[in-house]
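Colleague: The chain contents come next:
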Amino acid sequence: MASVELDGIGKKFGDVVGVATQSMTIHDGEFMVFLGPSGCGKTTTMRMIAGLLEPSEGRVLVDGEDVTYDAPKDRDIAMVFQNYGLYPHMSVGENIGYPLKVRGLSKADRKAQIQDVAERVELTQLLDRRPSALSGGQRQRVALARAIVRRPKVFLMDEPLSNLDAQLRVSMRAEIKHLQQEMGITTVYVTHDQIEALTLADRIVIMQKGVIQQLGTPEEIYNTPANLFVANFIGSPSMNLINGSLENGIFTAPGGVHVPLKDSSQKNRANVVLGIRPEDMSVCDAVGAMISGVLYNSEMTGDAVFATIDVGEARVCARGDRHLRFQKAQKVGFDLDLDYVHLFDGKSGARL
Amino acid sequence: MRDSALKWGLLAPAILISIAMLFYPIGRSFWYSLHDWNLTISPQLGPFIGLDNYVRLLTDDPQFWHSVWVSCVFSFFSVFTTIVVSMLMALLLQGSRQLEINVRSILVLAFAMSPALVGISWRFLLAPEFGAADAVIGWIFPRWADVPILADTSTAMVALVLVDVWHWAPYFMLTFIGALASLPQETIEAGQIDGAGRFRIFFGIVLPQLKGVLAIAILLKTIFSIKMLEQVITMTSGGPGSETSTVPHKVYETAFKFYDFGYAAAMAYFLAAAMLVLAMIYSRMLFGGQK
Amino acid sequence: MTSLSSGVAPMPTKAQIRRQRNRKTMSVLRIVGILLITALWLLPVLWICATAFKSPGDVISLDIFFTPTLDNFAKAVGPNYQLGGRIWNSIIVTVGTLLVAIPSSTAAAYAFSRFRYPGGIVWPIGLLATQFVPAVMIIIPLFILFRSIGLLDTPIALIAVNLSVVVPYAIWMIKGFMDALPMDMEEAAMMDGASRFRALIDVVIPVAMPGIITATIFCFVVTWNEFFYALILTSNDSVTLPVSLMSARTDKGDEWEIMAVIGLTIMVPMMLISRVVQRHFLKGLTAGAVK
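Taken in sequence, the protein lines are chains E, F and R. Under the working numbering, think of the first position of the first sequence as 23, with each following residue one higher. Under the working numbering, think of the first position of the second sequence as 190, with each following residue one higher. Under the working numbering, think of the first position of the third sequence as -16, with each following residue one higher.
Chain E extracted, bound-state conformation (with noise of 0.2 Å):
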């Protein structure tokens, strides 16, 4: 168990900038996930962590001490792979017992722990197979069991879950969560699936373009995102975002959208984003509702239906009850609930 410090650490492939300068700490035994499209610096910041990748510039600390040019074996970190990164010579067995193994233990002690771990993940009858005999969970749950077998000080993950079927990767979600709080130890995970991220974080870092973007609890990053990329990349359907202005406290767009906010404090602005979660809009009366416009495609998707319409330039998607039906272009009015709007600078795409 440790934390887990970067302090000023950065990587450049290169002339590209893999990760920016950036510093974090990771408490002991918290779920860190690093989330973000592809490309963004998240296995990079991962790896770096590992000792698989060397910075270029800062320093990594694991329980205040400087790791930052140890060999990935004196870290006392352990890894599971996007592809599982099993050893397809070895038996279940001999993969889980690998760590202990290079650490010299003996053969009995070694064969006392692999059962230990493969009770936990439930491996027991699989020990004596190759990997190539194995499902993918089954391969999954090899590739954790060796991870944990040593109780290292940090657990890291590359996207475990992107290569098992939907299923699967749901019950797999609550497995991991499930061993990582009984055995408390750190942990980073990286994925570019925000449900992942949500449900399984203490914490959640947002990057892209190898900046972060924001650093902060499931419930902080959903309700108060930092700038228009994590409103947008945040939720399923994504927010709605309008482009318009705001005078008087009012917020007007093309399409004769009017919304009062409810903090008029506001300053005047001739470019502000709105964001609206389909969520958190009620579906109305056409006629003296906020937004307004043609119904444009309504979706059922059995627990609701979404209704999207088009609003001058924008085109506007909320979730109304499932029982609601529309006719082809019908005129649909949507209400927001003015306590979840949010207010994006349009330049810098800052929250407001």
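Distance ranges between label pairs, derived from CB positions:
id, chain 1, residue 1, chain 2, residue 2, range
1, R, V105, E, A155, 39 to 49 Å
2, F, G393, R, R6, 18 to 28 Å
3, R, T52, F, V347, 33 to 43 Å
4, F, R473, E, S60, 31 to 41 Å
5, F, E378, E, H280, 56 to 66 Å
6, F, G386, R, T52, 51 to 61 Å
7, F, G428, R, S38, 25 to 35 Å
8, E, Y362, R, M192, 52 to 62 Å
9, R, S38, F, F330, 23 to 33 Å
10, F, W220, R, M229, 29 to 39 Å
11, R, A163, F, W333, 46 to 56 Å
These are calculated hints, taken from the structure and not from any lab test. Cβ atoms here follow ideal geometry from the backbone N, Cα and C, with glycine treated the same way.
Once you have looked at the hints, place chains F and R on chain E.
Modeller: Relative to the frame of chain E, chains F and R by itself:
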């Protein structure tokens, strides 16, 4: 870097081997080529004569130019025939039934035969009067029944080329079978659905997709053909006269029959330079358009 | 083909008949082609093998039937031909070459595959390019070198020269295989607490074993069959099997039955591994293509 010791340590044995056994002799040969050195005259390196060996080679050695011509003829026909024959064989034997697998195993044997053994075996088989192949040829083509194949100016080169094809075709056949197997099956099926016949499919769909493999095969075979030496030594000894004395054979004789090391080194360098130029033209032609 | 409505088999159309006939012709042509190929490649080898068991009188008659004899083998192991000693020399040279070549090539292949060196890809390409250099160019300085340090006619000289042929190819073959291996596995090993070197030994080499075996077989075939360097560098004590073929050409004429015995001895290991050669060759090739 942490792994620096490992990074260079792993490379060290291979570097030592290539410096001692490749780069040293290649450099040293060039140095020899600038000297007038005959081992029968002096065991020590002879006097430095600059580029005289090269001048003599280029301006005053018709025998050498004859061997260049022999090499060109041999290389052209052996490359062309080998590629065509091995492609036909690949098409015939690309299946994976027991029959094809067994036949391929037999063919591989020819490729895995020592080139010296290939040469000497065919010398035996083509020997007049008791050569088995000679008898068969005489029976099929009575016109050649009385011709001593390896001793006749008109047939020795043909024999040398065909034996070379015999030796190399199985290797390139395996290459082509591998390439054929990795072709996306859909392209052929699409062709069949579009109503193309066998030959249409081969020339219109299969062959264009094999362009890369074909290019490499032609380049490799050209180099092998130019370098080919063992079969000349064991089969014809360059004869009759010097009708099958290729450039490598000429260099070999100059160096190890007449011990004229300086001049032989110059010839070898000329050959290497020609191969380099050829390889460059080839790769420009074959790969240039694909960038 | 059943038609529920009529219950009568429909008459085949003209096009169908033609297609069927075409298919029949094609398959007959196929079989004829395969038989022809098999005969062309198998019969010469069989003839040589048979010659090894013929008395000198049978050798020069073209009869297919003869009384087999083992006299030739007795004669070959005798003092004139020393077949036993030649076999031993060939084994020493081959095993010695493989023992040095495979570990050093594997190490270098890993290094080239995983580390970046100043100059980058130039080094492995340059190494391979040396193989385009004519063999005669390399052997002249090495002949002088080995002569001056007294290594002529020793297995050490042959092993050293063979390394220069085999190592560049082996590095490329194994490197190609290692390039295709995902980095995951060795990174996992490093995270599991192994040093980079330990990860190489424990994980990379076992997983790359098919590639290493392919390279080993290739090197074995080349070294076992190598003729030209051995012809130059050996004269008596260290003569290998392919060179000893030349000793069947005596002043009293060619002793073909002895040549056949030696040839058979050279071929035996190739016959044993020809299927393995085919499998590994194809596997290595398709692995490269699929990637």
